[in-house]
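Chain by chain, the residues run as shown.
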Amino acid sequence: MNGPGEPTKRTEDGRLLRQSADSGTVMIETRGVSKHYGPFVALADITITLKAGEMVSIVGPNGAGKTTLVNVLTGLLRTTTGQVLFKGHDIAGIGPVRLARLGMARSFQLVHIFPELTVEETIAVAEIARAGKAGRLWASVRGDDAIHARVREVAAIFGLDTKLDRPARVLSQGDKKLLDIASAFALAPEVILLDEPTSGISTGDKHGIMKTLVEAARTANVKAIILVEHDMDLVAEYSDRIIALQEGRILADLPPTQFFADPAIVAAVVGMKPVRHA
Amino acid sequence: MDLGRRKAIKTIGTAGVVAATLPILGFPAIAQNRPLRVGIIAPKAGIAGTIGECGLQGTLFAVEKINAAGGIAGRMVELVIEEETNPKDSIERLRKLVLQDKVDCVQGIVSSGVSLAMGPAAEEMKALTIYWDGTTQDGVDETMAKPRYVFRSTDNECEAVMASLLVVKHWKGKFKTIAGINPDYSYGRNNWAAFQALLKKFGIEFTVVAEQWPKVGTLDLTSHVAALKAAKPDMIFSSLLFADLPVFMRTAHSAGLMEGTRFAFPAAGFQHTALKKEFTPEGMIFGHNTLYFDHPQANALQKEFVAYYHNKTKDYPHWEADRAYFAMQAYKAGVEKAQKAKNAWPSIEEIAAAMEGVKVDSLGGPGRMREDHIAEQTFYQGITTHKNKYDFPTLGVVDTMYSDQLQKPPGANFWKWIETAQIKL
Amino acid sequence: MAAFINILLGGVFHAAVLFLVAAGLQIVFGVQKIVNLACGSFYALGAYFGVTTVTWALKAGLPPFLFLPVLIASGVVLAVIGPVIERLLRTVYDRDESFQLLLTFALVLMFQDIMRYFWGANPQQLGNLVMVYGKVGAGGVDLPVYNVLVIAGSIAIALILGGFLQRTRYGRILRATAENRAMTEALGVDVRRINVVVFTLGTVLGTVGGAFVVPTSAASLDMAVELVVEAFAVVVIGGLGSMRGALAGALVVGLMRAAAIALYAELELLSIYLVVILVLILRPSGLFGKPAE
Amino acid sequence: MTPRLTTLVIVGLVALVGSAPLWATPYHITLMIPAMAYGIALLGLNLLFGYAGLLSFGHAMFVGIGAYTTAVFTSKLGIRSFELVLVASAVAAALFAIPIGLLTVRYVRIFFGMLTLAFGMLFHSFLFKFYHLTGGDSGMRVVRPTLLGQDTQELDKIAFLTGPFFLYVLALLVILGLVMLRIVHSPFGLHLKALRENARKAEYLGVTVRRFRLAAFVISAIYCSIGGVILAVPTGIADPELAYWTHSGNLIFMTLLGGFTNFFGPILGAFSFILLQDQLMSATQYWRFFLGVVLALIVILFPRGLMGILESLMARFSRGRS
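Protein chains in written order, with numbering that gives the first Met the number 0: chain A, 0 to 277; chain B, 0 to 424; chain C, 0 to 292; chain D, 0 to 321.
These are calculated hints, taken from the structure and not from any lab test.
Remember, it's a predicted structure, so these values are computed and weren't measured experimentally.
Note that the Cβ used here is the ideal one computed from N, Cα and C, for glycine as well.
Treat the hints with caution; some may be incorrect.
With a straight-line Cα cutoff of 30 Å, these simulated DSBU-like cross-link-like pairs (lysine-lysine) come out [as the list claims (entries may be wrong)]:
hint: 1; chain 1: B; residue 1: 311; chain 2: B; residue 2: 415
hint: 2; chain 1: B; residue 1: 423; chain 2: D; residue 2: 75
hint: 3; chain 1: B; residue 1: 415; chain 2: D; residue 2: 128
hint: 4; chain 1: D; residue 1: 75; chain 2: B; residue 2: 415
Computed spacing ranges between beta-carbons, pair by pair [claimed, not checked]:
hint: 5; chain 1: A; residue 1: 171; chain 2: C; residue 2: 187; range: 27 to 37 Å
hint: 6; chain 1: C; residue 1: 187; chain 2: A; residue 2: 246; range: 30 to 40 Å
hint: 7; chain 1: C; residue 1: 262; chain 2: B; residue 2: 415; range: 26 to 36 Å
hint: 8; chain 1: D; residue 1: 166; chain 2: B; residue 2: 303; range: 13 to 23 Å
hint: 9; chain 1: B; residue 1: 201; chain 2: D; residue 2: 86; range: 47 to 57 Å
hint: 10; chain 1: A; residue 1: 171; chain 2: D; residue 2: 260; range: 21 to 31 Å
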């Protein structure tokens, strides 16, 4: 793990994620997606792509449609029009479980943990699902060394390996957040969607968490990451591309340098909700 | 809750042992040195709680009289009282009485469901058990073929038979259409079926225009009454017997169901004091079963009991008290007969054998325990009148029948017996 | 025709009774999110206490036609148990709702014996007092005035409650609390007080309902456990927490039952549960409830 | 408590109960039969409540199914083999539980409770109404079964109950307890706990929430029906009261009394409840009131039940030592 404060080292080609043979192939694609709630248009004509090897941020003021987009991208919501494809499968409304099986995981803005489960058990839940062992009524979790090994491995990446037998509810806020994310990583997803992974975390720790995340993604061979974030510093630091939403439409879809070079866009995104700069 | 209340609950709670109160004098040499323990299982709560409480008064009266006269074959009687609830828990209480309290005899039981379950359990435990009530012919044949230890109350619904006979006797030719409103359980079903079978037997042409089956304890019968009224029956037969009976009667009265309709209510005696004159008509056939508290020719025993009961409860007793008294006296007669024959304290088997055929003068009149362990008792029904000193109707005409006219003989099938029996009206 | 109207009126009357049992359940669930299994016990308590009070008042010389106000007053007096029980429930507000449900189940057990302790096992009733107000009707339709009063009373209570919740400031606060407790608390509303008020209101609806209906019926020991199941059916059909739902649910159950009794009496009870299950499958939030989850 | 110590304590307790015929009165031995029957039923119920987080107010239905299956087999079909009855009741329970579960596990919390209550009451009214099929309120007779093919007619009922039947039921409790222990420690069991704690999160981690709730529902139904089979034998009858909603309430009461957060809590709860009810019924006619008081105290003061009290006592003890 890198120490807090220093930026994450990018790979030689300037990318955040490790590049592999299939880098550049399309992982997620939306085609003209819109979502209406009665007369209210939450999303209109969203067409975006996420390629392997990319880390893309979705930004926008509150009410811009970020949550709806996240729910569409994670297969929770059906679209009103348009398609959402993940690795070529239409995933609109398929639900979280099948999404996880297809290879996409997510973390949550508000910490989602299993309060009474230990760190070890929490990560094991994902590992069991990943390994397809969930239907085993007659096996023992405790006696399964493969599960243990994987759980320790994942926990170690997030620095949780010393807290394996602690119930999640007693963890610090930062550790809870990490556990939430760690369990998503334990699914060994190809794509992971991180919904404000640093919300509720003190500014000083935010970079630490992001670094851990990118590090973990590299270790776990995550092919692409979607980051939903408010903090523009983090967005600037941890994106290959930034997609800005405004009133349910795409305002911009640009690399960070170009994004921040356009004061109008920055004002539109930042101006509506002041962002604390570190 | 303050201490005073807690104490009150403890004293009022009749559970536990009601000890013999009288000084023990001149024990016969053969008496054992401990009192005779009689376990009582009777409902206290729920819909049948009121029935159990009345029965218990009959038992207490019997025990007070027995103990005052020196006990049963010289041994005082003490009671251990348990609550009858559902079949499972009631059988557990039976086991407790037999195995833990080591009672000499168990009496009680009101519900037919519990009685059916308890019969085999008591037989298998060799527990001398005398039912107050609660048996119907359903299932009796297979579960209790030849009981050795269990003694049952009258075994088919004698009151339904008697009410049907009275309907024939008093109203033959006066009705064509009939309707029934009976509680939705085996008792109600059997009553209604027996009534129709008897009408057929006596060649009465009738049409059933409505049948209602309210769940026991239904307290809003407006729709049922409306449906009955719509069917315009000449006569209504009903074996309602719990809190729903006064509710029915009041609703029927206010809906004008009574005008032009005759009522035959074989089991109304359970609620006799709750059926007020204002809404209970004269001229209905009303069953008091084995105890009619206001019988003009009542014996001294009944008069004494009615006074005893009224003094304790400010109410007038119904037949469950008689059943309970009968059970206790039948036991006493059996023990004393067996004891006399053996001239030593008899075994349970000897007592049970001795009880077969014993005759007992119960509160309501003479009774007998048949050889097949089924009681014979005297039944009272009649036609209601308002000419009395009470706020509820009593019987103007009292019909009295002994149960040999009303229940099937040993081993017979009830429905076959109805077809073939020589019944005098 | 007269027969049909009689049966219909029977159904409406039963609906009115059920609404009175269910109304308290609804308001408590609506605001406090507690399913009160003891609502039937409050109703039974109101019935018993009403019989005792009126009997005593009549003995003390009350003219019979004045019994109704005394009866209602006796139900209102029982409001005193509301805050006491609310105090008990307060201990589990922050727990899982199963605990709240179980605590009210404990109350059901206790109330059964409390009532038996005071009133014994004999059912209690008010003789024919119900007919003091006479009856109305023509052409074969007969209806005691008191039944009309019960139906009118239910409608009045529904309207007053509805008006109170919709039109008054306090009612709006209650609804706001139902929507978002934390938010109302943040706005400076004393939620503790609201809990006491709402639970007491729910209790009084039950006790007054029980007292109000008892002249047409009787108070008996098992009514509490029997009624709560019917009340459940009503609120599930109408939608948990909704007053309009309670009214609609009561009407559905009342009329269903009347129809079953008139057409095929064997289906009386079964039909109610079948409707409940049907509603839960097709429209799980009930006719007027908000969707759950 | 270390796992080894736990194992020792459990083995000790099983041996203690198993040797009851040597030291307990026949009455107390017969009391232990319903306690063990409820213990089995509650192990199942607690898989649903304690592990999957679903509070059912209708599981008395499955106890009823077990009892009625026993009645149908032993008295109507004349099949008295207890093992066959157990299998049949498990099958019957599953046949009922699958469609009911499919409909009910879509809901959680209070809605699940109400829906299961409605199904329970539907079943109760079916038992009550379909008089010709079920015997209505009188119920159906249960004839003494044969155990492992052995007919025990030469024993009287108490000897049968306190002898072979008692040991048989204890063995069943141990076996079904071990099976359940295995289940809760399986990957499946862990997923149940996860979906109880946070169903949304669990789904995103690939937990098939509804399917596993259904599985837990069916397993719990099977355990409850086996409990019902055992209850029916000493009673000698299957009656509709077994399926009434207050019986479901009692099942939850017992679970809570023992402590639903501990695997062994429900078994302790079943034994304590039976003992408590027996003592209260003997002591006062107002036993329902005091049962209510006990339940209220448990809910308010000791939500983790007797096991919770034991655990904190033990924690205090070991802290005191170290």
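Each hint, compared with the structure:
1. 311(B) - 415(B): 44 Å, violated
2. 423(B) - 75(D): 39 Å, violated
3. 415(B) - 128(D): With a Cα-Cα distance of about 26 Å, the restraint between residue 415(B) and residue 128(D) holds, given a limit of 30 Å.
4. 75(D) - 415(B): Distance of about 23 Å is within 30 Å: holds.
5. 171(A) - 187(C): 27 to 37 Å: With Cβ atoms ~32 Å apart, the hint holds.
6. 187(C) - 246(A): 30 to 40 Å: 34 Å, holds
7. 262(C) - 415(B): 26 to 36 Å: 34 Å, holds
8. 166(D) - 303(B): 13 to 23 Å: 54 Å, violated
9. 201(B) - 86(D): 47 to 57 Å: 53 Å, holds
10. 171(A) - 260(D): 21 to 31 Å: 24 Å, holds
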